[in-house]
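There are 4 protein chains.
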Amino acid sequence: MGFKRIQDYGVKIGNLKCGENNLITDVKGVKVGHTTLNNGDITTGVTTIIPHGGNIYKEKLIAASHVINGFGKTIGTIQIEELGTLETPIVLTNTLSVGTASDALIEYMLSFNEDIGISTGTVNPVVCECNDGYLNDIRGRHIKKEHIFDSINNSGSIFEEGAVGAGTGMTCYGLKGGIGSSSRIVELEGNDYTVGILVLSNFGIKENFILNGLRAGEKIWNQSSDRIEEEKGSIIIILATDIPLSYRQLKRVIKRSSVAIARTGSFSGNGSGEITIGFTTANRINHYEESDIVNIKILNENMIDKVFLAVADACEEAILNSIICSDTTTGRDGHIRKSLVEYLNKLDLE
Amino acid sequence: MGFKRIQDYGVKIGNLKCGENNLITDVKGVKVGHTTLNNGDITTGVTTIIPHGGNIYKEKLIAASHVINGFGKTIGTIQIEELGTLETPIVLTNTLSVGTASDALIEYMLSFNEDIGISTGTVNPVVCECNDGYLNDIRGRHIKKEHIFDSINNSGSIFEEGAVGAGTGMTCYGLKGGIGSSSRIVELEGNDYTVGILVLSNFGIKENFILNGLRAGEKIWNQSSDRIEEEKGSIIIILATDIPLSYRQLKRVIKRSSVAIARTGSFSGNGSGEITIGFTTANRINHYEESDIVNIKILNENMIDKVFLAVADACEEAILNSIICSDTTTGRDGHIRKSLVEYLNKLDLE
Amino acid sequence: MGFKRIQDYGVKIGNLKCGENNLITDVKGVKVGHTTLNNGDITTGVTTIIPHGGNIYKEKLIAASHVINGFGKTIGTIQIEELGTLETPIVLTNTLSVGTASDALIEYMLSFNEDIGISTGTVNPVVCECNDGYLNDIRGRHIKKEHIFDSINNSGSIFEEGAVGAGTGMTCYGLKGGIGSSSRIVELEGNDYTVGILVLSNFGIKENFILNGLRAGEKIWNQSSDRIEEEKGSIIIILATDIPLSYRQLKRVIKRSSVAIARTGSFSGNGSGEITIGFTTANRINHYEESDIVNIKILNENMIDKVFLAVADACEEAILNSIICSDTTTGRDGHIRKSLVEYLNKLDLE
Amino acid sequence: MGFKRIQDYGVKIGNLKCGENNLITDVKGVKVGHTTLNNGDITTGVTTIIPHGGNIYKEKLIAASHVINGFGKTIGTIQIEELGTLETPIVLTNTLSVGTASDALIEYMLSFNEDIGISTGTVNPVVCECNDGYLNDIRGRHIKKEHIFDSINNSGSIFEEGAVGAGTGMTCYGLKGGIGSSSRIVELEGNDYTVGILVLSNFGIKENFILNGLRAGEKIWNQSSDRIEEEKGSIIIILATDIPLSYRQLKRVIKRSSVAIARTGSFSGNGSGEITIGFTTANRINHYEESDIVNIKILNENMIDKVFLAVADACEEAILNSIICSDTTTGRDGHIRKSLVEYLNKLDLE
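Residue numbers (the working numbering), protein chains in the order written: chain H, 1 to 350; chain V, 1 to 350; chain C, 1 to 350; chain D, 1 to 350.
I should point out that these hints are in silico values taken from the structure, not numbers from a laboratory.
Since the model is a prediction, treat every value here as computed from it, not as a measurement.
One or more of the hints may lead you astray.
Treat identical chains as interchangeable: a pair holds within one or across any two.
To be verified - In the DSSO-like style, the derived pairs of lysine-lysine whose C-alpha atoms are separated by at most 30 Å in a straight line are:
1) K297 / K58
2) K338 / K144
3) K306 / K346
4) K219 / K58
Required output: the full structure, derived from the provided sequences and hints.
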């Protein structure tokens with residue numbers, strides 16, 4: 001058993017070209033880091049997405065958020081929606097650790113921005129979450145500030161998927177889920193641009209799982225399943241791109257991630273907090289901008305279908321990667337979530 | 001009695017400089033035209049705002065809409081919100097004539113765009129309305145397509161305010177209301193930019209009317225009024241500017257028009273459809289754009305308070321102009337709305 | 001060739017039970033009527049949904065709308081969103097006839113509500129549209145007021161699907177589309193409730209069409225298709241139910257219709273106006289309510305997944321019915337859209 | 001100098017009757033508690049609103065939120081907007097302590113709900129904030145979890161206003177601001193219902209301050225002020241009522257709080273995070289509801305203007321109370337905010 005990705009099983013979503021590593025970090029400057037806690041009842045972690053290599057507070061990025069189903073506790077989106085900018089890394093963790101992660105992210109931002117709270121305003125931490133309570137002692141709130149700092153410090157352009165970082169204790173379609181990523185290339189004016197997706201998957205009713213059109217859930221669970229656990233999940237979807245998009249365009253674009261959720265078999269259940277945040281590295285918004293009028297590049301809207309398709313495909317593949325890359329995991333009170341890899345004999349991949 | 005504007009009575013809203021004519025048409029290229037029907041029971045009309053002198057379908061403008069209170073029947077905002085563009089003139093008329101106005105506006109657009117519906121998509125007519133049923137036989141739907149065409153054809157940069165065009169039969173704070181306009185200059189990088197407002201006023205409970213801080217309603221009606229008519233009104237607010245604003249910025253900006261409504265004494269009653277639409281002439285969005293990536297200018301968001309203030313002040317003055325410029329009007333079944341001018345002796349202006 | 005429905009070909013979407021006729025009219029009191037114009041270049045029509053048998057203006061229904069992709073010209077949703085009620089029938093027609101349909105719907109409502117515009121407020125017509133310009137001379141605006149009146153007058157609980165009414169000239173996934181319907185039963189507290197869907201389908205890129213998991217588009221067009229027409233479509237989705245739902249619940253429920261769009265193969269393209277409106281017959285809201293406080297029934301939110309699933313399944317089946325029930329149609333300039341029935345030999349149904 | 005409230009100076013906002021104590025706690029069951037840190041550079045605190053006396057997680061209340069200007073870091077609103085319910089107390093504190101407050105609130109909720117995270121889902125903490133960085137060493141994040149627990153433990157139906165709790169370090173219109181409250185009685189069907197407001201005020205440009213129509217800011221600062229500090233403020237507005245309102249109605253109602261902000265002189269500046277959250281105690285939503293269909297009471301919408309007016313008036317008075325009840329405060333680096341009381345000689349109250 002290993003960490004082969006879904007393409008390694010011959011599954012290809014759509015016809016678009018993937019980025020170099022088929023990861024969100026194919027968008028230049030984006031980095032991802034994990035802290036994984038996997039020890040008995042403690043089966044949780046942190047994943048951090050670094051939007052660019054500079055000081056993100058001083059050079060903000062255009063961003064947008066979209067709520068597919070708002071049974072969730074993500075923080076930071078009110079300001080993203082008002083100002084259309086992202087000014088911190090994005091931290092993912094378990095639901096009951098959002099407060100700690102928020103505090104840590106603030107501390108991190110203060111550490112290299114001495115003006116915050118003194119000569120300029122405050123800072124808007126963005127923290128997203130899913131509930132890993134089935135495998136993790138979530139009430140114990142085992143995430144400490146150091147875990148967030150660690151995930152930032154070990155971030156890079158190559159990162160693991162599956163049961164790692166914030167994904168350590170997550171469940172997707174009754175299988176072990178977690179972190180997944182994928183990317184697609186969109187050609188504009190003869191140049192290659194990249195759409196990258198990272199998901200934290202923790203949603204779906206097990207018999208509903210569809211794997212690239214294949215009714216995998218029915219095959220795995222022999223169809224007439226009994227829904228032991230009702231959906232109390234969530235999915236967080238982070239989109240990064242270097243395509244120049246306005247806030248409005250970015251919001252349209254990230255909405256298409258819901259297509260991927262539907263394609264994998266979910267109807268976005270009541271209990272599933274489904275939140276997506278997107279940002280583009282194409283224009284930097286200076287905190288201390290000196291010009292009254294600034295120039296930005298945006299996409300010719302007539303071309304946006306290309307980006308919509310890239311998002312739907314990359315997001316579907318990222319979800320599948322989050323599942324196929326996850327090891328079987330035993331957590332709190334001996335609860336087990338099995339890897340999809342253990343059921344591959346029931347499917348007909350490769 | 002005449003059409004002196006509110007400044008002619010010594011009332012000045014805020015400290016900002018006004019544009020050349022203190023009208024929405026101070027924004028270069030914007031024109032306004034009226035068709036007025038004022039004959040016995042028929043007390044209604046049409047006002048059209050032309051956003052620029054070119055083919056607005058082929059060269060769209062960035063636009064946004066905002067619903068302050070949605071008890072209204074304005075059409076065209078779904079597409080404005082999705083695409084962030086305006087592609088037709090904006091027509092104002094009475095509530096039950098929106099359909100006819102829409103049909104006329106489509107016919108007008110088709111007349112010089114032979115590709116619509118053949119080789120390209122359709123067109124999104126924008127028609128706003130207030131209910132003039134107290135003074136007008138609104139059930140008679142006396143607006144015909146020709147009235148819309150006329151209002152377009154007679155549009156110009158100088159236009160009347162008060163009981164004209166769509167404002168012919170409107171009521172504001174129990175007084176005769178209608179069309180009002182005002183503008184403010186905002187300096188950015190040493191250059192003068194203009195914020196222009198046009199309102200169609202038909203809202204407010206009479207004793208609540210506040211005139212630049214003065215509780216005019218209480219003075220006019222001797223305070224303990226009896227609210228004969230409950231609020232069934234509305235206000236439409238159109239903002240034009242040449243300041244470069246993105247859709248998101250424009251949406252933030254037009255929201256500040258609600259400040260002006262509050263300042264004149266209203267709490268935006270249940271029955272009042274309060275809708276605002278804004279557009280900027282600073283960037284044109286080509287229908288047949290050939291570049292995949294386009295450059296646009298936007299405002300440094302740190303400067304946006306200047307624009308917020310200009311909107312609040314210009315909108316307050318536009319509302320006051322809509323009232324003070326309106327003649328006493330007799331309409332359906334002998335219903336009368338008196339001009340504020342008849343009550344000036346109770347106030348202490350000039 | 002005939003009008004067999006998708007279930008007649010052995011295709012069953014999901015496991016829930018259907019209503020008596022598997023139509024939106026399985027929700028008691030709901031009626032649907034068509035006016036069809038199919039004559040050479042004129043290939044268009046009107047479909048009207050009557051929400052209940054009483055005076056809908058005096059006894060309004062709780063309603064909500066949701067914009068999946070707002071490249072559309074539907075009218076009436078601003079007020080639905082503010083007040084959470086529907087007070088007219090819902091009319092569907094082609095994009096450039098919305099104005100005429102609106103005017104007709106107003107005239108109809110005035111005809112039996114003498115208070116409108118005299119002693120009470122106005123009325124909010126709800127008209128939805130898709131662009132049938134490929135098959136229809138849409139610029140000719142051939143829909144007249146009588147066509148709306150006719151569709152109301154001939155409404156009933158049994159109605160045709162496919163290339164009829166507003167669906168006469170529509171295209172879905174490159175095939176002839178139009179009107180489709182389906183229903184599902186949801187059991188609550190031992191009683192059967194009904195979720196009914198009616199769609200006006202006019203969306204999708206042809207090779208993307210998925211028929212209950214089968215990649216039908218690829219099979220029909222031999223995969224490597226050439227996208228002659230880009231997506232300029234739309235889909236209108238009307239949901240009726242007798243489940244007691246609040247405005248907020250209804251809004252959550254109708255959002256799940258986007259799952260059905262994704263399941264049939266679309267990523268909700270830029271040019272596709274995708275609008276959904278839902279209403280429940282469970283509580284009537286009196287126009288002249290005399291009590292200050294009123295009792296209503298709502299759903300226990302913990303049960304809402306049942307409704308979500310019913311919507312996703314019924315909507316998917318309604319889309320498929322809109323396609324399979326449509327005859328091959330020749331329209332404007334000899335343009336042809338073929339029926340799916342002509343391609344069944346390439347698929348493996350039945 | 002003392003803590004006379006604005007009515008003690010003869011200022012009365014509107015004509016409606018106030019509740020017993022003219023506080024948000026006039027809504028039966030609502031309690032408010034403070035923790036105040038006021039010691040040199042540490043000038044901050046916590047205020048908690050307890051919605052009812054039972055287990056709020058098990059018996060949720062219908063709630064809604066509204067963003068007037070989203071330059072803020074309030075958490076918990078995504079779920080309020082989706083589900084329309086409040087399931088925790090509402091905690092107010094400084095911007096950089098939201099994480100800690102969130103963690104404390106989670107800990108508090110876990111302490112008496114053993115099912116959370118084990119046999120049921122998680123919990124949605126609601127924490128609102130303003131930036132008290134001018135008077136407080138906000139970077140020091142001096143709020144600890146105990147401070148939140150203390151504010152809950154000392155909550156009651158009588159509470160202080162002004163520079164206390166979360167209001168300790170806040171600034172409003174250049175004066176010392178903080179916590180203010182007020183209430184109004186609305187008669188429905190012969191019974192008295194209560195609308196209660198609590199604000200955390202930290203907004204406004206000093207010369208713009210209007211005190212019940214009086215241009216107090218201009219008088220205090222001799223008009224031609226120099227805007228030393230640009231607006232980096234915020235206002236949090238909490239509404240409690242026992243009027244039966246649906247989520248949608250509650251959302252409409254809380255929007256009217258923006259009227260009060262405008263009446264006191266603000267145009268809702270760019271940097272001002274203005275967030276409002278409302279809840280009604282009239283219907284309890286059981287976490288473990290056993291009926292599939294539940295009965296709730298809502299307001300006859302035709303009566304809602306009464307509630308709108310109550311909100312506008314109570315909110316305006318709460319803002320004024322937050323200012324007039326605040327003592328002059330010296331904080332970080334010797335920064336001073338003076339009490340309005342020190343300037344009363346320049347005004348003409350009482």
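Run the structure past the numbered hints and jot down the numbers of the failing ones, going up. 4
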